[in-house]
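Chains as they are written, first to last, in the numbering used here: chain A, 3 to 326; chain B, 6 to 290.
Calculated from the structure, these hints are not laboratory results. Just so you know, even glycine gets a beta-carbon here, dropped at the ideal spot from N, CA and C. Mixed in with the good hints there might be a few duds.
Simulated DEER-style distance windows between Cβ atoms [said to hold, decoys possible]: (1) B:133 <-> A:93: 47 to 55 Å; (2) B:139 <-> A:93: 48 to 56 Å; (3) B:10 <-> A:137: 23 to 31 Å; (4) A:101 <-> B:181: 38 to 46 Å.
Stretches of chain A that chain B covers, calculated by requiring three or more beta carbons in the stretch to come under 8 Å of a beta carbon on chain B [what the hints assert, rightly or not]: (5) 114–128; (6) 288–298.
For lysine to aspartate or glutamate, the following DMTMM-like pairs were computed, each having C-alpha atoms within a straight-line distance of at most 25 Å [to be verified]: (7) B:89 <-> B:190; (8) B:89 <-> A:195; (9) B:89 <-> B:177; (10) B:89 <-> A:310; (11) B:267 <-> A:133; (12) B:89 <-> A:304; (13) A:211 <-> A:195; (14) B:171 <-> B:190; (15) B:267 <-> A:235; (16) B:267 <-> A:237; (17) B:267 <-> B:223.
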Amino acid sequence: MTKFSPPWSALIIGAILLIYPMVFSGAFYLDIGTTFLLAAISASAWNIVGGYAGQVSVGHSVFYGFGAYCPLLVFQLFGWPPLAGIPIGIGVSIVVAILIGLPTFRLTGHYFSMATIAVAELIRIFTGTWDLVGAAIGLQGPAVARGWWDLTFRGELPYYYIFLGVLAVLLVITAMMERRRFGYYLRAIKTRERAAQSLGVPVLHTKIKALVLSAVFTSIAGSLYSLKTGFIDPESGFGILISVQMVIIAALGGAGTLYGPLLGAAILIPLQTATNTWFGGGGSGLTYILYGGIIVIIARFEPGGLLDLWDRLAPRKWRRSRAA
Amino acid sequence: MLLLQVIVGGLLLGAIYALFSSGLTLIWGMMNFINFAHGEFVMLGMYAALLVVVYIGGGPAAFGFGAAMALFILGVVIYAGLIKHVMRGPMLSQILSTFGLALLLRYTAFWIFSANFVSLPQTSLSGTLNIGGILLPVAQLVAGILAIAFTIGLHLLLTRTTVGSKLLAVSEDRNAAMLMGIRPDRMQALAWGLSGCAAGIAGALLATAYPWSPSVGETFGLTAFVVVALGGFGSVPGALYAGLIIGLIQAVSAYWFGPIYKDIVVYGLFVALLWLRPQGLMGKA
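Generate coordinates for the entire structure from the input sequences, incorporating the hints supplied.
Below, the structure is given as structure tokens:
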């Protein structure tokens, strides 16, 4: 697929993201920056299973929610630093990913999509009724840091660079995956599953591996969110709109491409901030109408997203060169 | 006695689940396509009924017919404008097209009708019957019985008429059907119309008996998935039995564990079904 030399593009994007907080140092722009990074992390994580493997999850908030709840839960229950909850969230997400994937990946892709949304709704409603995890009220993190290990900072700048580091790790893993046998398996499955199977691709195993990898990073994204905000409730952890955001960002930029989710987040996050500012509190409704409209338009006209559109319209030398 | 009352109420609601789920299963069975916006179709059917009552007036027959027509047209339009173009495309397009549509319809409804719960003004169906100690609101009783009748009607339409045979022919072999002079496009548009129609009538029936807000679409959509998974994908009789069973389970679990747990039990059942019998209770492997 994309052969376009990662060192160059990665260096440029990395440099821009590194100096962004120095150029736009105001709290407002920094907030947009961290929101962008978080959205890019979760959309890139979704992209592994939804984009590369072509198994469209519409309930990825389930992993995000586990990741978001566990750090604050270990803090509230045992007084542990929230950091300790991250591996627990990852562990729970892996188990749930396997539980969803194992039965549905044997069937057609529709079953997987339905199962993800049903499980996400199930967990969301259940969380809202369970007092141990704060029920409908939610959980809170440490108000004042007891030490650096609480990862509770006053400003947003430390979060910005932590998020950037996680995003970099995720993108490096995705880029490595693209070139390896695993990445080719995923694309083969996405293009024609039966053919891939008959040529000896371990379809079920590969799909589950992709889902687990995706779930791990989605869970980490959720943990980062709750570490930063220090608060979580069922809607902000497991709400369907969390899943919607991952799907729309990845699909808008280009599902199944390395930089698609970054491009999607770079467009959507400022747009979302703008609509919320212009229309005030009532704007969130309009934002979701817009989201729905964008998703329908992508599905109908541009399933490859903006990067694919670019490849068809841009001058030849600016296109991402293609191996195939 | 109270339990009996709960059971009857659950079955009557389950009959309506059966009706709108049969619309979802029709599309699934015919085109291997899952409509994530089906619950929103039901929700729009409820508002269509309300609009007819408020602006045109007339009895249950009028708003029932209005909702059915409105959703039939919506189904055909969505097929022609969206589904036709994505159904052969990548899985991403297939899933995202109706998923995005669901969001679009849901939040547009929030925007137009606000998030407040509404209900139909008093109709000729108000009042309560007392049958052997069981109190039955007339509206619920009529809605439940009509829902069963329409579901059976849809089944008969699909199995006993020429149009039904044509629909079946297209679903079995599109090319062979074309060679027999059937236009697959028209038949599939008709299927989407019928699916919308089932959702519209179900919505109108629900509106007579239960208050609602735009958010009900999400719940009904998931309920329809569970009903279809239980009854077997593509089977209208399966949807009828499964709808009644789900209505019953929901009502009884709300009675035993508390209303908030009714959806947890039903969605949990869905996950269990995917593990144990993905082809559904009545479906063939």
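Inset, instruction - Hint says 48 to 56 Å; check whether the CB-CB distance for residue 139 (chain B) and residue 93 (chain A) agrees. - result: Holds: the Cβ-Cβ distance is about 50 Å, inside 48 to 56 Å.
Legend entry - Straight-line alpha-carbon gap residue 171 (chain B) to residue 190 (chain B), limit 25 Å: holds, 11 Å
Legend entry - Range hint 38 to 46 Å (beta carbons of residue 101 (chain A) and residue 181 (chain B)) holds or violated: Check passed, 41 Å falls within 38 to 46 Å.
Legend entry - Pair hint outcome, residue 89 (chain B) versus residue 190 (chain B) [Cα-Cα no greater than 25 Å]: holds, 8 Å
Inset, instruction - Look at the Cβ atoms of residue 133 (chain B) and residue 93 (chain A) and judge whether their distance stays inside 47 to 55 Å. - result: holds, 53 Å
Inset, instruction - Compare the distance between the alpha carbons of residue 89 (chain B) and residue 195 (chain A) with 25 Å, and conclude whether the hinted pair is satisfied. - result: holds, 23 Å
Legend entry - Pair hint outcome, residue 89 (chain B) versus residue 304 (chain A) [Cα-Cα no greater than 25 Å]: holds, 15 Å
Legend entry - Satisfaction of hint between residue 223 (chain B) and residue 267 (chain B), Cα-Cα up to 25 Å: Holds: residue 267 (chain B) and residue 223 (chain B) sit about 15 Å apart, inside 25 Å.
Legend entry - Cβ contact check, 8 Å cutoff: the region 288–298 of chain A against chain B, three residues minimum: Coverage by chain B holds for the region 288–298 of chain A (9 residues, Cβ < 8 Å).
Legend entry - Proposed proximity, residue 235 (chain A) with residue 267 (chain B) (alpha carbon, max 25 Å): At roughly 21 Å apart (the allowed maximum being 25 Å), residue 235 (chain A) and residue 267 (chain B) satisfy the hint.
Inset, instruction - Would you check the hint for residue 267 (chain B) and residue 237 (chain A), treating anything up to 25 Å between C-alpha atoms as holding? - result: holds, 19 Å
Inset, instruction - Please test the hint of 23 to 31 Å on the beta carbon pair from residue 10 (chain B) and residue 137 (chain A). - result: With a Cβ separation near 30 Å, residue 10 (chain B) and residue 137 (chain A) satisfy 23 to 31 Å, so the hint holds.
In terms of the numbered hints stated before, the structure departs from none.
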